[in-house]
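Peer 1: For reference, the chains in residue letters:
Protein chains: 2
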Amino acid sequence: MKYTAGSWKETDGACLRNFNEQAQIDSVNGALALRPQIEAIIDQIWEEGFDGIYFIGIGGTYASGMQVEVYMRGRSKLPVYVENAAEFLTTGNKRFTEKSVVIYSSVSGNTKEMVQLVDRVHEIGARVFAFIDTPNSILTQPDKQDYLILYPMNEQLKFYMTANYLMYKNGEFDEYDRYNKEMETYLADALVQVEKDSDEWAYEYAKNKVAFLKEHKDLPHYFIGSGNQYGATYSYAMCYWEEQMWIRTKSISCQEFFHGMQEIIVDDTPVTLFMGEDEQRPLAERVARFLPRVNGNYTIIDTKEFELKGISPEYRGTISHLVMHGVNNRVDAYMELFLRHPLSIRRYYRQFEY
Amino acid sequence: MKYTAGSWKETDGACLRNFNEQAQIDSVNGALALRPQIEAIIDQIWEEGFDGIYFIGIGGTYASGMQVEVYMRGRSKLPVYVENAAEFLTTGNKRFTEKSVVIYSSVSGNTKEMVQLVDRVHEIGARVFAFIDTPNSILTQPDKQDYLILYPMNEQLKFYMTANYLMYKNGEFDEYDRYNKEMETYLADALVQVEKDSDEWAYEYAKNKVAFLKEHKDLPHYFIGSGNQYGATYSYAMCYWEEQMWIRTKSISCQEFFHGMQEIIVDDTPVTLFMGEDEQRPLAERVARFLPRVNGNYTIIDTKEFELKGISPEYRGTISHLVMHGVNNRVDAYMELFLRHPLSIRRYYRQFEY
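Just so you know, the protein sequences line up as chains A and B, in that order.
Heads up: the first sequence is residues 10 to 363, going by our numbering.
Heads up: the second sequence is residues 10 to 363, going by our numbering.
Among the hints, a few may not be true.
Identical chains blur together in the list; that is why a pair holds if it fits in one copy or across any two.
[Stated by the list, open to error] When the alpha-carbon atoms are kept at most 27 Å apart in a straight line, the in silico BS3-like pairs for lysine-lysine are as follows:
1) Lys216 with Lys226
2) Lys153 with Lys121
3) Lys86 with Lys103
4) Lys86 with Lys108
5) Lys318 with Lys190
6) Lys108 with Lys178
7) Lys178 with Lys190
By construction, these hints were calculated from the structure, which means they are not laboratory data.
Turn these sequences into a full structure, and let the hints guide you.
Peer 2: What follows is the structure in structure tokens.
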């Protein structure tokens, strides 16, 4: 008989854990290659006409909706909104009509609220454009969607590709061709390089966070971010650390941080600030100036520090959230290791009826 | 020389602390009496025409904007939106034009972001309808507003009164006269009675919360609520417990609770659920069914338990957030007592430049 001793301190060192470079590149390039399909669907929606485009989701997909809405808000006159599926099912929206279009994404293809949502939208007579990861799931059925793209992962990228073509159609994106050419040539490699460049840092960050957690089990970790980082901040705290790691978190936008939450930041409160490169960066810069004066346990993840080879400076802000996602992939891989907590397990979600 | 011993356990018993019944009644009735002024302003805005009405705020006033937006979303076809002031100042909004109208509220009348916002809105050529508490403050100056109502407190009520008249003008509120007659006759007394009826409960709640906090200083208190309770949940957690009491909190909507945050609720996690009576009540009911199965340290504050004498059943949902505010007033009074933490002090806000 053989005995084995386990220790949460034991590690293999930074090793690009859970990372398959070619699979990642293929995944992003495969998503970018959906462009003709996305364009054909938008062309059809455009031709039929619409009075509103609603990105609707719940949990993480709602967060992705928030990202694309804030991206378009400052750039487009198109009537584009973000809504929460459960709110749509209860409060509804009086301005939503049979001429409206819902765009959403679902990984499982069977999320309870989204199935109900699609039926409600169809009752109203409106159209549904679905991005689904899982073939043959409920939401891929012909009666559940009007336009369907079946392809795994890359939700945020799919939404931004949709947004970009909508803006192009509306005469608000002159550089559409140049932009796409650049992304289709360089994005996948740039994002893979982000993971490689952040791997060692992520290993140390995760090691320190888990060690701190062992001593401060009750203390939430604070995530702060704005602009297209807000959805990332919100969903990273909630869908990754809370849901997948069972770690307490709070997320807040940079601007709201200064209207309440700042007061509970003291010298050793654990804080991570997500800094992107879109037009809301100044809001994050304000937090970055404030934190060091009252706190010695903060981390700033700044997308500006990554090279993003081939991406023009003026386009970097449009992919900041993807860069952050790459960094967080690395963090997750090592958090899972140090926590000894497989990210796939859930205490309650889909475990019993409630 | 005389020595005095203090103890955080020492109390006076439930005593309607910090409560002046007549002042409260006068305050609410005074707000309701603003109706002719509000109507005259909306009549003028209506006559001039508008392409969008934007409730814009920051912190607590943003939360009040969220409440009025969700109230109108299910009831009105008018183009009414909620925005965050700092986001408007950075990202902007391409659909916002010189025909748009901003409605906002400010207690101090000099909040940094709101002063900048008003100037930006005026640069665009749009109009500003301001509710200000403090006379002679910056935001009351003639160049900072187009329509001004100067009256203290009752922000949420002022916004709902504005919303109600907008919907009446748009043919979406047939019972406007009956509704107002009822509110003007009964609301102030009903809200005062809420405070009286909840006082003893609030004393015990606060006593227990503070005792629990002494043993669990790091653990956040979780607040959950949806519909017109969401703004209440968000701002109560952030602007009262965090900002005024320096207690860690996290707030989440009922629907989003089930997509991540539920996983960090264990047997003794402190949770308070706000249940109102608007159309999103079923979302809170789902949380109320879930909590007892995994948690033994939750509190449900349900507005349904209050009589609200004279208020018709069908109108109760439109004032649920005011009822909750009344309960929370009582909680605040005793939290301040048991914490020995004057609610007016701030660690950082307005203490130094950042």
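Peer 1: Which hints, by number, does the structure contradict?
Peer 2: none
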